[in-house]
Every structure is written in structure tokens, then in C-alpha cells.
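S.K.: Numbering (this note's numbering), first residue to last: 7 to 300.
Source of the hints: derived by calculation from the structure; they are not laboratory data. Heads up, the beta-carbon is just placed ideally off N, CA and C, and yes, glycines get one too. Check before you lean on any hint, since a few could be wrong.
What the hints assert, rightly or not - FRET-style restraints, in silico, Cβ to Cβ:
hint, residue 1, residue 2, range
1, M233, P117, 41 to 49 angstroms
2, L227, S102, 38 to 46 angstroms
3, P298, P116, 47 to 55 angstroms
4, P168, K62, 33 to 41 angstroms
5, A82, E206, 39 to 47 angstroms
Unchecked claim - Dumping the calculated DSS-like pairs for lysine-lysine here, alpha-carbon to alpha-carbon at most 27 angstroms:
hint, residue 1, residue 2
6, K62, K281
7, K262, K277
8, K252, K277
9, K62, K138
10, K138, K10
11, K294, K277
12, K10, K47
13, K62, K294
14, K252, K47
15, K288, K101
16, K281, K47
17, K277, K288
18, K62, K262
19, K47, K101
20, K226, K101
21, K226, K262
22, K62, K156
23, K156, K138
24, K288, K252
25, K294, K156
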Amino acid sequence: MMIKNIAVIGAGTMGNGIAQVFAQYHFNVTLTDINEAALGKAVQTISQNADRQVSKGIITQATKDRILLTLHTATAMEAGVANADLVIEAATENKSIKLEIFKQLDALAPPAAILASNTSSISITALAAATKRPGKVIGMHFMNPVPVMKLVEVINGYATAPEVTNEVVAVSRELQKVPCIVNDYPGFVANRVLMPMINEAVHSLYEGVAGVEEIDTIMKLGMAHPMGPLQLADFIGLDVCLSILKVLQEGFGNPKYAPCPLLVNMVAAGKLGVKSGEGFYKYTAGSKELVPAL
């Protein structure tokens, strides 16, 4: 199978990053979202990100021009996936929403198309079961920010065909990414390891072991992490962290994955991290200074 036409479903942070990278590497991309304003914002973000890459010498102006030329948008899923060889769903991390999307994709995408999800925790096997092509359903978990991060966690569902896995691995390498194949268990590998660490950092703060800056500094300087776990949680979104921890807790039936009460309360209060302007740190537009909020 020759993969050339890519459909990305969802124009949020992950969706526009995925669309940008595919367009950069000579794929035809259609970015689909029911919200036309979200599509306009996504194209603007992609243009601004590409401008930064041009200014740093990462890509040329000609590459930026090609990205915008080969990137198309659609508000109707039928139009967005009509010619797709590979569809990547990058909607909100909600199982019921993703299941409904996969039902629609199965009905609307060409029969030969591979259906992938950028989910960070939801079962690929469950998504595949919502379709009549479970062998063609797979996970492609990109990391944020997509144009920068090299990893693609490739997740095999129970029924994913080996040739589909091979195609997705090959496409990931065409994007200059490093694909790592894992099997479909709660949290896969990335979040099964990461989220308990973040949760333990929140517990350390909750129990008064140390402050926000101290916890993050210890992990950055002592463990060579580029970003402390509390800052990383803010960057991911505290609501997303909470959702993934609940998936782990439910999937394994193990109380060790139970989210810290402080995390639960912060999400309930709308303190979601960078996207809300406050989480474990306060975020001010135009400022890179890290100011603890707790």
C-alpha cells in the first residue's frame, strides 16, 4: 500500500501538529474539524510554527510554503476522509467520542484506509471493535509538540494486522520519527510509566514533602529530566492526566493508580495548567517565567 493522502480528525494542539509534520514531509493532508474557527486557528498556528522553524534554520521558506500548499481543511468528515490512505483521529481524550468517530470513519473512509488514533490511553482494541475493519485499526501516539518530539508510540490492537503495523512504522520513519511498537494495555508504555510518576509528585506536594519548585528541580537536576513532573503535568493538561490515571485505575483494578485528591480538586476548580493559565504554576502571555501557584 502506498500511503500518500492523510486525513487528520481534530484541529486542536495535537491535530495541527500532526498535520504540519505530514505536510512537511510531502504528504497531502486534510485537517477536519466541525468547528470552522478551530480550523482557521489551526492553520494560523501551523503557519506561525513554520515561521519559527524557518527563523531557526530548521526548515526553508520553500518548505513552509509547501506545508501550507499541501494542507487542506474540511468541516465535514465525509469530505475530509474521502481519499484518505491513512486517517489519524486526534479528537479529545474521551472514549465515547472516539468510539463514535471510529464508527463514522469506518462508514466514510475508503475500505483500504488505515484508521489510527492518537489516543494516549484509550484501548485500540475497543476502538477497532466499533468498526468492520479491526485489522486496519492501530494507535499512533505522537508526543507534544509534534514537530519537535521524535517518538511515535505505535500501538497494536488485538486484531491489528502485521502489514498495517509495518505500514505505520514505515510512515513514521518517513516523518523522521522513531516508532516504538507496543501492545494494547492500559496506558500503553508512555503513560503507564509517566502518569504514576506525575501522580506521585502531586502526592509529595499534597503531603507537604516539598514545594512545587523543589520537586521539579530535584527531578530535573537529579534525574536529568528536561522538565519537572509538575510542570510537565501543566503542559499536558491536568484534566488529561486525571483522565489517564482513571483509565489506568479502571483498566488494572489497582489502587496504586488512584489519582491524588489534590489533582482531582484542581481539575474540579478549573486549574488545568497551561491551557487555563494556572495549574501548579501561573502562566502569563508573553512571559516564560515559572511562578508557582501553590
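S.K.: Are the hints correct? Go through all of them and say.
M.R.: A quick look at each hint next to the structure:
At about 43 angstroms, the CB distance of M233 to P117 agrees with the hint of 41 to 49 angstroms. Taking the beta carbon of each, L227 and S102 are about 42 angstroms apart, inside 38 to 46 angstroms as hinted. Remark: the range hint 47 to 55 angstroms for P298 to P116 is upheld by a beta-carbon distance near 51 angstroms. Between P168 and K62 the Cβ separation comes to about 39 angstroms, which falls inside the hinted range of 33 to 41 angstroms.
With their beta carbons about 44 angstroms apart, A82 and E206 fall inside the hinted range of 39 to 47 angstroms. At roughly 26 angstroms between alpha-carbon atoms, K62 and K281 fall within 27 angstroms of each other, so this suggested pair holds. Simply put, K262 and K277 have alpha-carbon atoms about 24 angstroms apart, close enough for the 27 angstroms limit, and the pair holds. Between K252 and K277, the direct Cα distance comes to roughly 18 angstroms. Compliance with the 27 angstroms bound is thereby established for this hinted pair.
Taken as a hint, the K62 and K138 pair is broken in the structure, with Cα atoms around 46 angstroms apart against an allowance of 27 angstroms. Distance check on the hinted pair: K138 and K10 sit about 23 angstroms apart at the alpha-carbon level, within 27 angstroms; holds. Taking the CA atoms of K294 and K277, the gap is near 19 angstroms; set against the 27 angstroms cutoff, the hint holds. Taking the CA atoms of K10 and K47, the gap is near 25 angstroms; set against the 27 angstroms cutoff, the hint holds.
Between K62 and K294 the alpha-carbon distance is near 19 angstroms, which keeps this suggested pair within the 27 angstroms criterion. Pair hint K252 plus K47 does not hold up; C-alpha atoms about 31 angstroms apart against a cutoff of 27 angstroms. For a cut-off of 27 angstroms, the pair hint linking K288 to K101 is broken: about 30 angstroms separates their Cα positions. Note on K281 and K47: the hinted pairing holds, with a Cα-Cα distance of about 15 angstroms set against a maximum of 27 angstroms.
Taking the CA atoms of K277 and K288, the gap is about 10 angstroms. The hint holds against a cut of 27 angstroms. For the given pair, K62 sits about 44 angstroms from K262 by alpha-carbon distance, which is inconsistent with the 27 angstroms threshold. Distance restraint check for K47 and K101: the Cα-Cα separation of roughly 25 angstroms lies within the 27 angstroms cut-off, and the hinted pair is therefore satisfied. Restraint check for K226 and K101: not satisfied, since their Cα atoms lie roughly 33 angstroms apart, outside the 27 angstroms limit.
Proximity of K226 to K262 is assessed by CA-CA distance (about 24 angstroms); at most 27 angstroms being required, the pair is judged to hold. For the suggested pair K62 and K156, the alpha carbons sit about 18 angstroms apart, so the restraint of at most 27 angstroms is met. Proposed proximity of K156 and K138 is contradicted: the alpha carbons are some 32 angstroms apart, above 27 angstroms. With a CA separation close to 25 angstroms, the supplied pair K288 and K252 stays within the 27 angstroms bound.
Simply put, K294 and K156 have alpha-carbon atoms about 24 angstroms apart, close enough for the 27 angstroms limit, and the pair holds.
Checked against the numbered hints given earlier, this structure breaks hints 9, 14, 15, 18, 20 and 23; the rest are met.
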